[in-house]
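Asks: Numbering (the numbering used here), first residue to last: -12 to 303.
Worth double-checking, as some hints may not be accurate.
Below 27 Å or equal to it, Euclidean Cα-Cα: the simulated DSS-like pairs (lysine-lysine) are [what the hints assert, rightly or not]:
hint, residue 1, residue 2
1, K150, K48
2, K20, K145
3, K249, K203
4, K151, K44
5, K44, K145
6, K203, K145
7, K265, K303
8, K24, K40
9, K265, K249
10, K151, K249
11, K48, K144
12, K265, K224
13, K150, K224
14, K77, K33
15, K265, K186
16, K20, K44
17, K33, K48
18, K224, K186
19, K144, K265
20, K150, K24
21, K303, K224
22, K77, K265
23, K283, K150
24, K24, K48
25, K303, K262
26, K20, K48
27, K186, K249
28, K145, K48
29, K186, K203
30, K24, K44
31, K144, K77
32, K262, K283
33, K48, K151
If you're looking for bench data, these hints aren't it; they were derived computationally from the structure.
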Amino acid sequence: MSSNDKRPSVAMVTVTEDQNGQRLDNFLMSRLKGVPKSAVYRMIRKGEVRVNKGRTKPDYKLNVGDVVRVPPARTKSVAETEPFVGDGLKSQLEDAILYEDDGLIVLNKPSGLAVHGGSGVSLGVIEALRQLRPNQRFLELVHRLDRDTSGCLMVAKKRSVLKKLHDDLRHGNMQKTYLALLWGRWNGLEHRIEAPLRKFHLASGERIVRVSTEGKPSLTLFRQLELYDNATLVEAKPITGRTHQIRVHAQYAGHPIAGDDKYLHREQAAYFEDKGLKRLFLHAASLELEDAQGQKRVFHAPLPEALQSILNGLSK
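Can you build the whole structure from these sequences, using the hints too?
Replies: This is the structure we're talking about:
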(Lines of atoms letter the chains of each structure in order from A and count residues from 1; the text may use other names and numbers.)
(Lines give C-alpha, C1' and ligand atoms only; values in the text may rest on other atoms or scores of the structure.)
Protein backbone atom coordinates (compact mmCIF):
# COMPACT_ATOMS: atom_id res chain seq x y z
CA MET A 1 0.00 0.00 0.00
CA SER A 2 1.35 3.42 -0.92
CA SER A 3 1.56 6.23 1.60
CA ASN A 4 -1.35 7.94 -0.15
CA ASP A 5 -3.72 4.97 0.22
CA LYS A 6 -6.36 5.00 2.92
CA ARG A 7 -8.15 2.06 4.54
CA PRO A 8 -11.29 3.28 6.28
CA SER A 9 -13.10 1.18 8.86
CA VAL A 10 -16.50 -0.45 8.39
CA ALA A 11 -19.28 2.14 8.23
CA MET A 12 -22.94 1.57 9.06
CA VAL A 13 -24.86 4.13 7.00
CA THR A 14 -28.56 4.89 7.44
CA VAL A 15 -30.31 5.81 4.19
CA THR A 16 -31.77 9.33 4.19
CA GLU A 17 -34.69 10.77 2.22
CA ASP A 18 -32.33 12.16 -0.44
CA GLN A 19 -30.99 8.63 -1.05
CA ASN A 20 -34.41 6.96 -1.19
CA GLY A 21 -34.82 4.97 -4.41
CA GLN A 22 -31.11 5.03 -5.30
CA ARG A 23 -29.59 1.76 -6.51
CA LEU A 24 -27.22 0.10 -4.07
CA ASP A 25 -24.30 0.04 -6.54
CA ASN A 26 -24.64 3.76 -7.31
CA PHE A 27 -24.94 4.56 -3.60
CA LEU A 28 -21.70 2.69 -2.90
CA MET A 29 -19.79 4.27 -5.77
CA SER A 30 -20.77 7.74 -4.57
CA ARG A 31 -19.32 6.92 -1.14
CA LEU A 32 -16.25 4.96 -2.22
CA LYS A 33 -14.50 7.53 -4.42
CA GLY A 34 -11.54 6.04 -6.25
CA VAL A 35 -12.63 2.42 -5.79
CA PRO A 36 -13.01 0.60 -9.16
CA LYS A 37 -16.53 -0.47 -10.12
CA SER A 38 -15.36 -4.07 -10.35
CA ALA A 39 -14.28 -3.93 -6.70
CA VAL A 40 -17.65 -2.50 -5.64
CA TYR A 41 -19.53 -5.31 -7.41
CA ARG A 42 -17.17 -7.90 -5.93
CA MET A 43 -17.89 -6.60 -2.41
CA ILE A 44 -21.63 -6.92 -3.05
CA ARG A 45 -21.28 -10.40 -4.56
CA LYS A 46 -19.15 -11.67 -1.65
CA GLY A 47 -21.63 -10.36 0.90
CA GLU A 48 -19.25 -7.79 2.37
CA VAL A 49 -21.95 -5.20 1.72
CA ARG A 50 -25.14 -5.80 3.70
CA VAL A 51 -28.48 -4.02 3.81
CA ASN A 52 -30.34 -4.45 7.10
CA LYS A 53 -27.86 -7.26 7.92
CA GLY A 54 -28.75 -9.24 4.81
CA ARG A 55 -27.17 -9.87 1.41
CA THR A 56 -28.68 -8.12 -1.57
CA LYS A 57 -28.08 -7.37 -5.25
CA PRO A 58 -26.47 -4.35 -6.96
CA ASP A 59 -29.80 -3.15 -8.38
CA TYR A 60 -31.58 -3.16 -5.01
CA LYS A 61 -33.32 0.19 -4.53
CA LEU A 62 -32.68 1.68 -1.12
CA ASN A 63 -35.46 2.81 1.21
CA VAL A 64 -35.38 5.51 3.87
CA GLY A 65 -34.14 3.96 7.11
CA ASP A 66 -32.24 1.07 5.50
CA VAL A 67 -28.91 0.44 7.22
CA VAL A 68 -26.09 -0.28 4.78
CA ARG A 69 -22.87 -1.95 5.88
CA VAL A 70 -20.09 -0.32 3.85
CA PRO A 71 -16.88 -2.38 4.19
CA PRO A 72 -13.37 -0.95 4.35
CA ALA A 73 -11.99 -0.32 0.88
CA ARG A 74 -8.59 0.75 -0.30
CA THR A 75 -9.04 4.07 -2.01
CA LYS A 76 -6.74 6.76 -3.29
CA SER A 77 -6.97 10.39 -2.37
CA VAL A 78 -9.29 12.69 -4.31
CA ALA A 79 -6.25 14.50 -5.69
CA GLU A 80 -5.15 11.27 -7.39
CA THR A 81 -8.55 10.19 -8.72
CA GLU A 82 -10.17 13.46 -9.79
CA PRO A 83 -8.78 16.08 -12.18
CA PHE A 84 -7.98 19.40 -10.57
CA VAL A 85 -10.45 22.24 -11.13
CA GLY A 86 -8.51 25.47 -11.58
CA ASP A 87 -9.58 28.82 -10.18
CA GLY A 88 -10.50 30.04 -13.67
CA LEU A 89 -13.04 27.27 -14.24
CA LYS A 90 -14.39 27.60 -10.70
CA SER A 91 -14.96 31.31 -11.23
CA GLN A 92 -16.51 30.67 -14.65
CA LEU A 93 -19.01 28.18 -13.22
CA GLU A 94 -19.92 30.36 -10.26
CA ASP A 95 -20.57 33.26 -12.63
CA ALA A 96 -22.66 30.96 -14.86
CA ILE A 97 -25.23 30.14 -12.15
CA LEU A 98 -28.57 31.64 -13.16
CA TYR A 99 -30.63 30.33 -10.25
CA GLU A 100 -30.13 28.28 -7.10
CA ASP A 101 -32.32 27.10 -4.24
CA ASP A 102 -32.08 24.22 -1.77
CA GLY A 103 -32.93 21.63 -4.42
CA LEU A 104 -31.84 22.94 -7.82
CA ILE A 105 -29.07 24.75 -9.67
CA VAL A 106 -29.69 26.22 -13.14
CA LEU A 107 -26.59 27.44 -14.93
CA ASN A 108 -25.66 28.87 -18.29
CA LYS A 109 -23.26 26.17 -19.47
CA PRO A 110 -20.34 27.51 -21.50
CA SER A 111 -19.74 26.06 -24.96
CA GLY A 112 -16.82 23.62 -25.12
CA LEU A 113 -17.35 22.21 -21.62
CA ALA A 114 -18.80 18.69 -21.40
CA VAL A 115 -21.57 18.11 -18.86
CA HIS A 116 -19.67 15.12 -17.44
CA GLY A 117 -16.36 13.31 -17.85
CA GLY A 118 -15.88 10.20 -19.98
CA SER A 119 -14.99 9.22 -23.57
CA GLY A 120 -11.64 11.00 -23.39
CA VAL A 121 -13.01 13.93 -21.37
CA SER A 122 -11.51 13.99 -17.87
CA LEU A 123 -13.62 16.76 -16.42
CA GLY A 124 -17.14 18.04 -16.95
CA VAL A 125 -19.60 20.42 -15.33
CA ILE A 126 -20.81 17.92 -12.74
CA GLU A 127 -17.31 16.91 -11.58
CA ALA A 128 -16.29 20.56 -11.33
CA LEU A 129 -19.43 21.45 -9.35
CA ARG A 130 -18.77 18.62 -6.91
CA GLN A 131 -15.33 20.06 -6.24
CA LEU A 132 -16.81 23.55 -5.95
CA ARG A 133 -19.36 22.27 -3.42
CA PRO A 134 -17.53 19.55 -1.45
CA ASN A 135 -20.09 19.64 1.37
CA GLN A 136 -23.06 19.18 -0.95
CA ARG A 137 -23.99 15.52 -0.45
CA PHE A 138 -26.03 15.18 -3.64
CA LEU A 139 -25.38 16.76 -7.05
CA GLU A 140 -26.68 15.08 -10.21
CA LEU A 141 -27.36 16.21 -13.76
CA VAL A 142 -31.06 16.44 -14.57
CA HIS A 143 -30.43 16.34 -18.33
CA ARG A 144 -27.59 16.77 -20.80
CA LEU A 145 -26.38 19.28 -23.34
CA ASP A 146 -23.90 18.53 -26.11
CA ARG A 147 -20.39 19.71 -25.32
CA ASP A 148 -20.50 22.54 -27.87
CA THR A 149 -24.02 23.68 -26.94
CA SER A 150 -24.31 26.51 -24.42
CA GLY A 151 -27.21 27.53 -22.22
CA CYS A 152 -29.62 26.35 -19.53
CA LEU A 153 -28.48 23.24 -17.68
CA MET A 154 -30.16 21.86 -14.56
CA VAL A 155 -28.37 20.13 -11.68
CA ALA A 156 -30.41 18.61 -8.84
CA LYS A 157 -29.30 18.99 -5.22
CA LYS A 158 -31.89 16.52 -3.91
CA ARG A 159 -32.96 13.10 -5.15
CA SER A 160 -36.63 14.08 -4.78
CA VAL A 161 -36.05 17.07 -7.10
CA LEU A 162 -34.19 14.88 -9.60
CA LYS A 163 -37.06 12.38 -9.66
CA LYS A 164 -39.70 15.10 -10.14
CA LEU A 165 -37.81 16.76 -12.98
CA HIS A 166 -37.17 13.41 -14.68
CA ASP A 167 -40.91 12.71 -14.46
CA ASP A 168 -41.63 16.15 -15.93
CA LEU A 169 -39.26 15.50 -18.83
CA ARG A 170 -40.76 12.07 -19.43
CA HIS A 171 -44.34 13.37 -19.51
CA GLY A 172 -43.66 16.53 -21.50
CA ASN A 173 -44.27 18.90 -18.60
CA MET A 174 -41.13 20.91 -19.27
CA GLN A 175 -40.43 23.14 -22.24
CA LYS A 176 -36.92 23.74 -23.57
CA THR A 177 -36.33 26.47 -26.12
CA TYR A 178 -33.13 26.80 -28.16
CA LEU A 179 -31.76 29.47 -30.47
CA ALA A 180 -29.96 28.23 -33.58
CA LEU A 181 -28.46 29.85 -36.66
CA LEU A 182 -29.07 27.71 -39.74
CA TRP A 183 -27.49 27.54 -43.18
CA GLY A 184 -29.56 29.12 -45.95
CA ARG A 185 -32.83 31.03 -46.03
CA TRP A 186 -35.58 28.85 -44.55
CA ASN A 187 -38.77 30.51 -45.73
CA GLY A 188 -41.98 30.11 -43.78
CA LEU A 189 -42.59 31.18 -40.20
CA GLU A 190 -43.11 27.75 -38.63
CA HIS A 191 -41.89 24.25 -39.43
CA ARG A 192 -42.72 20.89 -37.87
CA ILE A 193 -40.02 18.27 -38.42
CA GLU A 194 -41.14 14.79 -37.45
CA ALA A 195 -38.54 12.19 -38.42
CA PRO A 196 -37.34 9.10 -36.48
CA LEU A 197 -33.73 9.19 -35.30
CA ARG A 198 -31.25 6.39 -34.77
CA LYS A 199 -27.72 6.38 -33.35
CA PHE A 200 -24.86 4.89 -35.37
CA HIS A 201 -21.20 4.30 -34.56
CA LEU A 202 -18.72 4.84 -37.38
CA ALA A 203 -15.65 2.65 -37.88
CA SER A 204 -13.61 5.41 -36.24
CA GLY A 205 -15.71 5.03 -33.08
CA GLU A 206 -17.41 8.39 -33.64
CA ARG A 207 -21.11 8.50 -32.73
CA ILE A 208 -23.49 9.97 -35.28
CA VAL A 209 -27.28 10.23 -35.52
CA ARG A 210 -29.31 9.83 -38.71
CA VAL A 211 -32.93 9.84 -39.77
CA SER A 212 -33.94 6.19 -40.08
CA THR A 213 -37.21 4.26 -40.34
CA GLU A 214 -35.78 2.05 -37.58
CA GLY A 215 -35.16 5.03 -35.30
CA LYS A 216 -37.10 6.43 -32.36
CA PRO A 217 -40.01 8.83 -33.00
CA SER A 218 -38.72 12.41 -32.83
CA LEU A 219 -40.39 15.80 -33.20
CA THR A 220 -38.93 19.32 -33.29
CA LEU A 221 -40.83 22.57 -33.81
CA PHE A 222 -38.95 25.42 -35.52
CA ARG A 223 -40.00 29.08 -35.66
CA GLN A 224 -38.29 31.64 -37.86
CA LEU A 225 -36.96 34.67 -35.97
CA GLU A 226 -34.79 36.43 -38.58
CA LEU A 227 -33.79 35.93 -42.21
CA TYR A 228 -30.28 36.87 -43.36
CA ASP A 229 -28.63 36.76 -46.80
CA ASN A 230 -27.58 33.14 -46.43
CA ALA A 231 -28.71 32.12 -42.97
CA THR A 232 -31.80 31.89 -40.76
CA LEU A 233 -32.09 32.45 -37.02
CA VAL A 234 -34.68 30.12 -35.52
CA GLU A 235 -36.22 29.14 -32.23
CA ALA A 236 -36.24 25.34 -31.84
CA LYS A 237 -38.39 23.38 -29.39
CA PRO A 238 -37.59 19.66 -29.12
CA ILE A 239 -40.82 17.86 -28.16
CA THR A 240 -38.91 14.61 -27.78
CA GLY A 241 -35.40 14.47 -26.34
CA ARG A 242 -33.18 12.43 -28.65
CA THR A 243 -29.41 12.77 -28.98
CA HIS A 244 -28.47 15.51 -31.49
CA GLN A 245 -32.18 15.92 -32.28
CA ILE A 246 -32.25 19.60 -33.25
CA ARG A 247 -28.99 19.26 -35.17
CA VAL A 248 -30.13 16.29 -37.25
CA HIS A 249 -33.66 17.59 -37.85
CA ALA A 250 -32.20 20.89 -39.08
CA GLN A 251 -29.88 19.01 -41.43
CA TYR A 252 -32.78 16.81 -42.60
CA ALA A 253 -34.73 19.97 -43.47
CA GLY A 254 -31.80 21.15 -45.61
CA HIS A 255 -30.66 23.82 -43.15
CA PRO A 256 -27.92 22.43 -40.87
CA ILE A 257 -26.76 24.46 -37.87
CA ALA A 258 -23.86 26.89 -38.32
CA GLY A 259 -20.62 25.61 -36.82
CA ASP A 260 -21.79 21.98 -36.70
CA ASP A 261 -18.72 19.88 -37.44
CA LYS A 262 -20.77 16.66 -37.70
CA TYR A 263 -23.71 17.63 -39.88
CA LEU A 264 -22.59 20.67 -41.91
CA HIS A 265 -20.97 20.37 -45.36
CA ARG A 266 -17.45 21.77 -45.68
CA GLU A 267 -18.38 24.66 -47.99
CA GLN A 268 -21.24 25.62 -45.67
CA ALA A 269 -18.90 25.53 -42.69
CA ALA A 270 -16.40 27.74 -44.52
CA TYR A 271 -19.07 30.43 -45.02
CA PHE A 272 -19.64 30.75 -41.27
CA GLU A 273 -15.94 30.46 -40.46
CA ASP A 274 -15.34 33.47 -42.71
CA LYS A 275 -17.84 35.36 -40.55
CA GLY A 276 -15.76 34.55 -37.46
CA LEU A 277 -17.82 31.68 -36.02
CA LYS A 278 -15.68 29.33 -33.93
CA ARG A 279 -18.34 27.11 -32.30
CA LEU A 280 -21.70 25.46 -32.79
CA PHE A 281 -24.43 28.10 -32.98
CA LEU A 282 -26.89 26.28 -30.73
CA HIS A 283 -27.91 27.81 -27.40
CA ALA A 284 -30.39 26.51 -24.81
CA ALA A 285 -32.05 29.88 -24.28
CA SER A 286 -34.81 29.04 -21.82
CA LEU A 287 -36.44 26.41 -19.62
CA GLU A 288 -40.05 26.48 -18.48
CA LEU A 289 -41.19 24.15 -15.69
CA GLU A 290 -43.33 23.83 -12.58
CA ASP A 291 -41.58 23.91 -9.23
CA ALA A 292 -42.42 21.65 -6.27
CA GLN A 293 -45.20 24.07 -5.23
CA GLY A 294 -46.83 23.94 -8.67
CA GLN A 295 -45.68 27.45 -9.61
CA LYS A 296 -44.52 28.08 -13.19
CA ARG A 297 -40.85 29.01 -13.40
CA VAL A 298 -39.03 30.27 -16.48
CA PHE A 299 -35.24 30.49 -16.64
CA HIS A 300 -33.43 32.46 -19.35
CA ALA A 301 -29.78 32.15 -20.42
CA PRO A 302 -28.61 35.21 -22.38
CA LEU A 303 -27.04 34.59 -25.77
CA PRO A 304 -23.21 34.57 -25.45
CA GLU A 305 -21.48 37.66 -26.80
CA ALA A 306 -19.54 35.57 -29.34
CA LEU A 307 -22.81 34.43 -30.94
CA GLN A 308 -24.45 37.85 -30.76
CA SER A 309 -21.47 39.37 -32.57
CA ILE A 310 -21.93 36.84 -35.40
CA LEU A 311 -25.56 37.94 -35.81
CA ASN A 312 -24.52 41.58 -35.76
CA GLY A 313 -22.11 40.91 -38.62
CA LEU A 314 -24.63 39.21 -40.93
CA SER A 315 -26.37 41.20 -43.64
CA LYS A 316 -30.10 40.87 -44.33
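Asks: Look at each hint and say if it fits the structure.
Replies: Structure-based check of each hint:
| no. | hint | in the structure |
| --- | --- | --- |
| 1 | K150 with K48 | holds (14 Å) |
| 2 | K20 with K145 | holds (20 Å) |
| 3 | K249 with K203 | holds (20 Å) |
| 4 | K151 with K44 | holds (26 Å) |
| 5 | K44 with K145 | holds (24 Å) |
| 6 | K203 with K145 | violated (31 Å) |
| 7 | K265 with K303 | holds (21 Å) |
| 8 | K24 with K40 | holds (22 Å) |
| 9 | K265 with K249 | holds (14 Å) |
| 10 | K151 with K249 | violated (33 Å) |
| 11 | K48 with K144 | holds (19 Å) |
| 12 | K265 with K224 | holds (24 Å) |
| 13 | K150 with K224 | holds (23 Å) |
| 14 | K77 with K33 | violated (41 Å) |
| 15 | K265 with K186 | holds (26 Å) |
| 16 | K20 with K44 | holds (20 Å) |
| 17 | K33 with K48 | holds (19 Å) |
| 18 | K224 with K186 | holds (20 Å) |
| 19 | K144 with K265 | violated (33 Å) |
| 20 | K150 with K24 | holds (24 Å) |
| 21 | K303 with K224 | holds (24 Å) |
| 22 | K77 with K265 | holds (23 Å) |
| 23 | K283 with K150 | holds (18 Å) |
| 24 | K24 with K48 | holds (18 Å) |
| 25 | K303 with K262 | holds (14 Å) |
| 26 | K20 with K48 | holds (20 Å) |
| 27 | K186 with K249 | holds (13 Å) |
| 28 | K145 with K48 | holds (16 Å) |
| 29 | K186 with K203 | holds (9 Å) |
| 30 | K24 with K44 | holds (14 Å) |
| 31 | K144 with K77 | holds (18 Å) |
| 32 | K262 with K283 | violated (39 Å) |
| 33 | K48 with K151 | holds (17 Å) |
Hint check: violations occur at hints 6, 10, 14, 19, 32; the rest are consistent with the structure.
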